[in-house]
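Undergrad: Take a look at the letters that make up each chain.
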Amino acid sequence: MISFQGIRKAFGARQVLDDVSLDVGPGRVTALIGPNGSGKTTLIKILLGLARQDAGLVRMNGVDLDAAGAYRSAVGYMPQSAKFPDHLRVREVFELVTALRPGAPRDEELIEAFSLTADWDRPVGTLSGGTRQKVNAAIAFLFQPSVLVLDEPTAGLDPIAAGVLRERIHRDRERGRTVIVTSHVLSELEELAQDIAFLCEGRLRFVGSTPELLARTGAAHVEPAIAVLMRESRRHDQPLATADAVPTPEAA
Amino acid sequence: MTVASVVLRSGLSDLARNRWVIGYAAAFFVIGEALFWFGGTGTQVVLSLLNIVLMVVPMVSLVFGAIYVYGAREFTEMLLAQPVPRRQLFVGLFLGLAIPLAGAFLVGAGLPFLLHRGGGVHPGALVALLVAGTGLGASCAAIAVAIALYTDDRLRGVGITLGVWLAMTVLYDAAILAIVASFDAWPLERPLLVMMLANPVDLARGLVLTQLDVSALMGYTGALFERTFGSLAGTIIAVTALAAWTVAPFTVAARRFRRRDF
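Read top to bottom, the protein sequences are chains U and C. Counting from 40, one number per residue, gives the positions in the first sequence under this note's numbering. Counting from 4, one number per residue, gives the positions in the second sequence under this note's numbering.
The set of hints was computed from the structure by calculation and includes no laboratory data. A quick note: this is a predicted structure, and the numbers were derived from the prediction, not measured. C-beta: ideal position from N, C-alpha, C; glycine also. Nothing false has been slipped in among the hints.
Here are a few chain U residues that face chain C, going by a calculated C-beta distance under 8 Å:
1. Gly88
2. Ala90
3. Arg91
4. Ala107
5. Gly108
6. Ala109
7. Arg111
8. Ser112
9. Pro118
10. Phe123
11. His126
12. Leu127
13. Glu131
14. Val136
15. Ala138
16. Leu139
FRET-style restraints, in silico, Cβ to Cβ:
17. Gly169/U to Leu196/C: 55 to 61 Å
18. Pro141/U to Ala37/C: 47 to 53 Å
19. Arg274/U to Leu174/C: 55 to 61 Å
Chain C extracted, bound-state conformation:
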């Protein structure tokens, strides 16, 4: 068994019993069930859940991820004092955080659809929602780990993750609107599409919207994305870009982990 898998297994054992992770799964389950309970159709439930996913998944992954890294600092030191390479140790520690969070989301958000036999939603939309939430969570967890490894002060680190969350979920849309309003005489499609790739939250939104015919309801870039790329190309681009948004901060964090003093 590799070092990474040993450390991953301990992370899974720890976080599978963590009440915040269990609560995270339970919250999505309760919200999903409530949406069905109040008479929502499958598509309506996916849309409502998407709005919650786009706010809650980044916040939990960023803040919980950073707090987890700070809390595990002494444990990490103990592991680093063992005869193990740092690279493998980091892979195990990251996956030990990201996989339980992804598992909690998938169970919490997916179970209501399972109980309601899909709720009449198009399977592609449900899969897109689950993939988007999982990818967004992995991406934000990687960003959180990178922030925590570059910022020794715990309060400052958590503050930065909250700032990143605010920027991704609120300020970004405000910036898009400001740009559209200011440069409405200019052809903005291409710059806006590039800007969309610069935000994992918008990518996750785009990924789901390409499976539903409601893009006009979901913001300027979502509509633009759907119109420009169509369903298949949009899905491939969004998934690839979300993966890149996980790999890039993971690589930055791994590099920092290998080189930093503990």
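Here chain U stands alone, though its shape is the one from the complex:
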């Protein structure tokens, strides 16, 4: 269980996150949705320790995140765009992250599924964007993390690789792992996510399950439902639902 409690974060005069409280349960895929600049990436970065909140708490399994970052051994992160040093070979990138997590169990399923061993000795700078994204995905899943943070995971992947990755996310959810995912492809999130957290201008406007979102907005799919939330957010600038209104996510 990951719990964000009253998170506030400002960059200069701009309030990026404003009292965001959100519980993300195990065995669930939670989609963070929001327009550009809504605070999704900042919330993810706070979870990963890349940014520090001005106020509020983040807890993982009831324990405050430590500054030393030991909790990150349970976290796999797939950033939106992968950029590794150009002259490192693919093999060396995997050796690097493995050396940073000595003794961690390895799961090389995605390395094989994406046929990355064929590019094992190629410098990363010579890989296509899609192949770099495959490296990125394989690293995120490599150490069997109990928490997966995936920022636009299928962006840049070909349809087959995107399907492999979606299938893997499904299976990890069934194994009880916690998955936080952002994507601008809302139809994809509809397929992947059980819970939706909608952020707009730094405030959490909706948290709930996908059926609750559809019922709340009267839409048939996630995409038009989010459009309704965005219009309402702009019109009223009021939160539509809070984390308090959300049922506790069920464990798988």
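Mind docking chain C on chain U? Use the hints.
TA: Same frame as chain U, but now just chain C:
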């Protein structure tokens, strides 16, 4: 193996194959060979190379260092998402930049002397040149990293490093001359020596000049430094001050790295 050494190893693997770093080494090698080829004695080669080192090493270390930090931003984020302490990560990232640059300089500038069996130069002068170039490069790399970590905008950051390079290599000497011309009736030795300690380029110059008897050719502060401190004391002071010029910006950059948002 520590986090710092793991990250350092990846930095070495990356930059050892970087064409700019290879070109940096090759440029010093070609210049050194050319100076010998055109009949220079060892001392003349050291002096000519020193003038180039004092301009090129700060520029490459500052500009390349800043560009490297900006280019590695996403990679740094990926590393920060691993279960590693920021302090160790920063040490690895900095050394992964500074050591390949120093290695390229040492190989490029040192190899011609090796091929020419020293070229008749006093060994102390050659060692001083290599130490000065290495120290100056480390210092400027640390300054570049600090600038890049404090300046989010890439263009602005690189612009600041160019400004710092200009100030260190050109404006500083102009300021010294202006002070000397304006206050020639005053005893300026002590203030000028303090000013010399305030510029790593002048320190590097002083370090080499204390090994050669040509200080009068190398600017007012160089001559003053040599005359005041003599060879051994001058060398110790210059090396210590150059080390301080590396440690201070490194400490500032490390503090920023530990605290900043990525």
